[in-house]
Amino acid sequence: MIYLDNSATTKPYPEVVETVRQVMENYYGNPSSLHQKGVEAEQVLKQARQIAAHALRVKPGEIIFTSGGTESNNTAIKGVATQYRNRGKHLVTTQIEHPAVYDVCKQLEAFGYEVTYLPVNAEGRISLEELKQAIRPDTILVSVMHVNNELGTIQPIAEIGAYLQRFPKIVFHVDAVQSFGKIPLHVREWGIDLLSVSAHKFHGPRGVGILYKREGLQIQPLLTGGGQEAGVRSGTENLPAIAGMAKAIRIMEERREQTAALYRELTARLRRGIASIPGCVVNTPEELTAPHILNFSVPGVKAEVLLHALEEQGFLVSTRSACSSKRNEPSRVLMATGMGRERALSAIRLSVGAENKPEEMDRFVDVLRDAVQRLRPYQNV
Amino acid sequence: MKYDMIMIRYGELALKGRNRDIFEKILLQRVKEALPPDTSATVYRSYGRMYVDLNGEQAEEVIRRLQRVFGIISVSPIKRVESSKEAIKQGALELIRSIVPAPATFRVVTRRADKRYPQSSMDVSRMVGTHILRNVPGIKVDLHQPDAVVQIEIRSEGTFLTSETVPGCGGLPVGASGKVLLLLSGGIDSPVAGWMMMKRGVALEAVHFHSYPFTSERSLQKVRDLARKLAEWGGAIRLHVVPFTEIQTAIRERCPEDYLITIMRRFMMRISERIARENGALALATGESLGQVASQTLESMQTINNVVQIPILRPLISMDKVEIMDVARKIDTYELSILPYEDCCTIFTPKNPVTRPKPEQASRFEQRLDVEGLVASAVTGTVVEEIAAQPREVGAELF
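First to last, the protein sequences are chains A and B. Read in order, the letters of the first sequence are residues 1 to 381 in my numbering. Read in order, the letters of the second sequence are residues 1 to 399 in my numbering.
These are computed hints drawn from the structure, not numbers from a lab. A portion of the hints provided could be inaccurate.
Unchecked claim - Straight-line distance between alpha carbons at most 25 Å, and here's what the computed DSS-like set of lysine-lysine pairs gives:
#1 K59(A) <-> K321(B)
#2 K79(B) <-> K89(B)
#3 K59(A) <-> K330(B)
#4 K199(B) <-> K179(B)
#5 K59(A) <-> K351(B)
#6 K351(B) <-> K46(A)
#7 K85(B) <-> K115(B)
#8 K78(A) <-> K89(A)
#9 K32(B) <-> K330(B)
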């Protein structure tokens, strides 16, 4: 089986699995305990924090370990919303956010907050102009994803951050779950206050992630209790997973250049091949996109049918964000780009990972060509 | 931009006569130590400058490390090209294109160290400037306040191109000024004091007073971590961990409460003096700042100094807390320092310590103690740890 669903989750590196195992076996102390086992566990935690901070080029004290991207996003958005509700109740986000941001905003609307959902252009990108116009005196948060999980489009985070410098009271949150480790990310230079990262997207364990919180920024915690993670995220630290994540970060840093080149090569081959198949349309724009995602459609063919046809030939792909793939509606993200319903309903997302090889992409294109031909008689969504 | 070398500039101050050679040798050694482990980069001296030949290593990482070497005024990443018109033009163009954000204006400065080179410096500048103007859309020349300066140095071994000067941390290379023993607590001040001493070229050893079980393993770990932060600036540091529990308990039992701190500090000085002498340190250094706490008055310092012969240096003496905290943040010790673990200075803190202690009175109280025996046993029980910038920590094998 060739796995092309790395945006949903990745296979952990064997070294990561080994680290998790070792921590469970040898460092089972509670990092908050005062005895030797506790101190040792705390040391492991501290090193993991340093590795994470180093990778993001921030301070260790700005790293909060969470249970993953969803929790990081929830903590960031709700944390700001509750902390600064006296300042204002207006939030700005986009129409193409992951449900872990989008649905949180919807939830906040039910609590009396107002949210502006910025539209995107045909490439899936918001415009800075529209963002500028959306800002109001009572805006407290701007939350924009860095790389879109379905299309791979990169949002102009640096420009947004630079503009928001004029509004020191507006908190800037970036969902970097799909971008961390894939494309350059300059947390400080871009004026980001809060940033979400998830380990299982870069060959780390699942159930663990990072919330970067700029030093000095106050937010209300989602989870209260023992006061771990500087009080922002109580609960005994999931040390095996945290250490596994740090290991994955280390490996990612070491292989950064070669994986970046590999991903570009893989998606370039896919793009070229798919574009050459009659009836296929590539949805991911060519420029300003992440190197690991390629979205395409075979208008007329229902995505799920195509997915199973490809699976039969040994390729695992997805129809969209795994978190919403079971609904039989066209993707909200793709529809937001103004794409026709038929094309959106037939969209397939390919996302490559460290295990993939260039030849596999060529084979995929061959398999896809056959599948499209076979399915053509049944085309009708 | 793929750079080939890094040029290191160091100050000329304090460099007279034969000192200069010693200074350069020490700096060379410090630069070598600062390179990443297992690096293929090499260092050499040439005409009042130092060069790191990158041999394929990343310039960014090496520069980051060199910024922590005292004695360096600034560094520049260099691209080396052949001394031919074409190569110089091409190299300079690549260089200016690689600058982020793209400069709107530039100038070219040429130095011809190799006078055999046929073109004059002005001609080279003009030639390169023209080439850039033709190939970079929209860019203009500004001789007075350019966004970017392309510096060209024509030498016999090739032509060096650079456009960037990154400031170093100045000071004198560690080891140029002898050795000092730093009294390192877990607080904000003492690491800063150590850093300031290192900045003046001093090699550090550190002494820490550990009062287990009144203070925890965590507080000792914090001190190791602080020493490690300092080691990132000056190389490995030997940390002398002195068992202090017996002395603290003895003082507490036999001496009046308001003199606890004064007497405790006198013991610290006595022990530190001995450790300094045994290890070739010529002075002690502390993080004291005048008037900051009750024990940091002139009277108190005098009473404390009274029991030792060795000089006690107090580099923070005239600094405000805010200034000290600024340095601590800059050298990245602040976060560690504020971790809330008990240390030898916070346990047994009296409610009203004496602000004007008298040496005679302190001596009188100390007569109730076996000063010599306590000091000797503390010195004997001292454990030395080597703290390297790159630790082998518990759990390090996991990553």
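Here is how each hint holds up against the structure:
1. Distance hint between K59(A) and K321(B) is fulfilled; the C-alpha atoms sit about 22 Å from each other, no more than 25 Å.
2. Taken as a hint, the K79(B) and K89(B) pair is honoured in the structure, with Cα atoms around 12 Å apart against an allowance of 25 Å.
3. Of the supplied pair hints, the one linking K59(A) and K330(B) holds, its CA atoms being roughly 12 Å apart against a limit of 25 Å.
4. Note on K199(B) and K179(B): the hinted pairing holds, with a Cα-Cα distance of about 12 Å set against a maximum of 25 Å.
5. Restraint check for K59(A) and K351(B): the C-alpha separation of about 36 Å exceeds 25 Å, so the hint is violated.
6. Taking the CA atoms of K351(B) and K46(A), the gap is near 35 Å; set against the 25 Å cutoff, the hint is violated.
7. Between K85(B) and K115(B) the CA atoms are separated by roughly 15 Å; this keeps the pair inside 25 Å, and the hint holds.
8. Taking the CA atoms of K78(A) and K89(A), the gap is about 11 Å. The hint holds against a cut of 25 Å.
9. With a C-alpha separation of about 24 Å, the suggested pair K32(B) and K330(B) falls inside the 25 Å cut-off, and the hint holds.
Violated hints for the displayed structure, listed by number in ascending order: 5, 6.
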